[in-house]
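Chains as they are written, first to last, in our numbering: chain S, 57 to 280; chain W, 87 to 554.
A few of these clues could be false.
Just so you have them, the derived chain S footprint on chain W, three or more residues with Cβ under 8 Å [said to hold, decoys possible]:
(1) 194 to 200
(2) 278 to 284
(3) 308 to 317
Beta-carbon label-pair distances, calculated as ranges [to be verified]:
(4) W:Val172 with S:Pro93: 24 to 34 Å
(5) W:Val536 with S:Asp201: 54 to 64 Å
(6) S:Asp60 with W:His254: 42 to 52 Å
(7) W:Ala288 with S:Pro186: 44 to 54 Å
No wet-lab data here; the hints were simulated from the structure.
Glycine included, each C-beta is placed from N, C-alpha and C at the ideal position.
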Amino acid sequence: MQVDFAAKELTVKLVYYGPALSGKTTNLRALHWLTTPETCGELMTLETQNDRTLFFDMLPVTVDSKTGLKVRLKLFTVPGQVMHDATRRLVLQAADGVAFVADSQKSEAEANRESFANLKENLREIGIDPEEIPIIIQFNKRDLDEIRSDEELAELAARSKATIYKAIATRGYGVVPTLLGLIRETWNHLERQHGLEDKFGIGAVSLMTEIESKLKHDPRLRER
Amino acid sequence: MTPEYPAEGDLILGDVVRLEHVLDRDAVGKVCRSFFALFGLPVRVIAHDGELLADVHQDRPLCRYLNSFGSGERACDNTVGDVRNVAPARDSVVHPCFSGAAYHVTPIEYQGRAVGRFVIGPYVPAEADEAPASLLAVDPSLDARTALSHFEAMPRVARDVAAKLAAHLRGTLEILVFSGHRTQLASTMQVANVRENYRELAEKNERLRASFEELQELDKLKSSFLATVSHELRTPLTSIIGYTEMLESGAAGTLSDGQSEFLGTIRHKADQLLGLIGRLLDLGRLEADTMKLHKEAVDARGLLSDVGSTIVPAANRRNIVLDIDIHDDTPKLFGDPVRLRQIVLNLAENAVKFTPEGGNIALLAAPGTIDTGVGGGLGEALFSSSRTAVVLTVRDSGRGIPEEQVSRIFNAFYQIDGGTTREHGGAGLGLSIAKQLVDAHDGRIEVTSVVGEGTVFVITLPAAEDHG
């Protein structure tokens, strides 16, 4: 989190992590598409060998607060391929929350596990405690065959501390709930750490309401 | 270890910190000149902090005329100063000039922040009917007719056209900012990546170096252990052999045939053990580089004959034909005679050991040359010199050495037949010692082998001639 008092802005950095081809980029593209044009900046793509890093800003969300502070969300993806570990660490720096996009296919279980271990290791490397930072998990590609069943996921959710979301990012399903969940958990964490409501007068409820109003839950409602 | 990360805040959050970091001045200048050429309207691009990034304009006759008066010049400076300080938040602002002209100031936004602005003008709004009173009032000595005719000659732009032109230019500049930002981020990320990879490699190298040093230390320990143990084993063994010989010679009374036979076996085995310990000691000394060589001129014929007569009994027992051939021009060798014999005898004994019944072995000597200072470096190859040498060859028709094992046969304790049920005895030290002894003589040892056909060892050693 970064506070720019001159610009009266509070910036929160959110990173989409996960194995190669799990749908991180698709999530971000869908979100960019589902966000009103005046609410988000251009989608920036940085090409790396055989992979890419994507990011865009969700522009200052104005919340009724006595300080007039606005909240800016920055959404990043990391390149998933193993060889781009250094880039992943760079992108992870100063992250406030992480959405881990897992591939629901049974054949990808090992890739998910490796990538999640890599996330934890990289967080530790850059001085972030993986047990502290909010991490939510999205099981993507729910429309494919040979996937882990809903029952399995429910059981996983019950056992793990992380919240699990389900999505079909290619069709835009589940990407908004994932983002909202990530923002909610991240904000609650920042609130506990910094007392944002007391300090800046920004309440979680008003922030979430404002952000939800900028997003369309049903992809069919918007064309852009 | 906490890694050092780049201080590029703009990389961590992907923000544009300063417009001039991402906007290429040449590109902006070109866009503005093209805009001026198309519409005849002056353009200035100003960064958020007030720095002028591009300025394309041509003084209008009206401006030149007004600037020729002291008060006109002051009023003009004030207006231009004011215009440069106008920083609109989201939408364009039209700033009027006392002359009746106007300036169109438009913000350049990126990621929802104003990062700079541009000014189009001066131009006269097409909607203005006539020059304002402030034009003529600027200086009492102003000639109204001249001023008004210059005013008429000013470019005229309708308000909505000005807005469209500004919107177009704004879009173009914002695209330039976007692509400039992307290039900046990509290159910053590349550099940060290279630095990060370098850090990783440096750490790995450090770990490798540490483990290499540890291994070297262990290797030294092993050599000194070998030397100590061999030495300690030899002392009691020498006594055993000595007393056995005394018993055999009848010093303690007459022996029965059976006793003599047993003592003979004891002495034979003890000699074998002493030989092995001697080799271990040699290896220890060679590895610790403490072996002293007493070099002198050695006759190749004598050397090979001596070795030949030593192995003849063993060869004869298995009907192996031994052939010794010494080329007439073979010079004398320069080396330690005891060690040279050890080298050749070692190879010859191996040849006998691995050659089947009825096979053949050859010990050959011939003149040759050897390069000194042969290394991989360019200089070394260029400045190496050739010396007269003796080439000794030990050839057998034995079982041969599999290709993948050839590179390892000179390793200490290595045996091709490494299983627990080894057909041939030995500790795997002979070849390693031979190789190290050849090295200590500045010589070279090479092996070629074909499985089922035989093995050829070629040793090239410096000749004595060069040593006078």
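| message | Taking 8 Å as the Cβ threshold, is the statement that the region 194 to 200 of chain W is covered by chain S upheld or broken by the three-residue rule? | response | holds (count 4)
| field | Cβ contact check, 8 Å cutoff: the region 308 to 317 of chain W against chain S, three residues minimum | value | violated (count 0)
| said: Can you tell me whether the CB distance of Val536 of chain W to Asp201 of chain S sits inside 54 to 64 Å? | reply: holds (58 Å)
| That 42 to 52 Å hint for Asp60 of chain S and His254 of chain W (C-beta), does it hold up? | violated (31 Å)
| Taking the beta carbons of Ala288 of chain W and Pro186 of chain S, is their distance inside 44 to 54 Å? | Hint violated: Cβ distance 25 Å, outside 44 to 54 Å.
| said: Tell me if the beta carbons of Val172 of chain W and Pro93 of chain S are separated by a distance inside 24 to 34 Å. | reply: With Cβ atoms ~27 Å apart, the hint holds.
| task | Count the residues of the region 278 to 284 of chain W whose CB lies closer than 8 Å to any CB of chain S, then report whether that count reaches three. | result | holds (count 4)
Violated hints, in rising order: 3, 6 and 7; the structure is consistent with all others.
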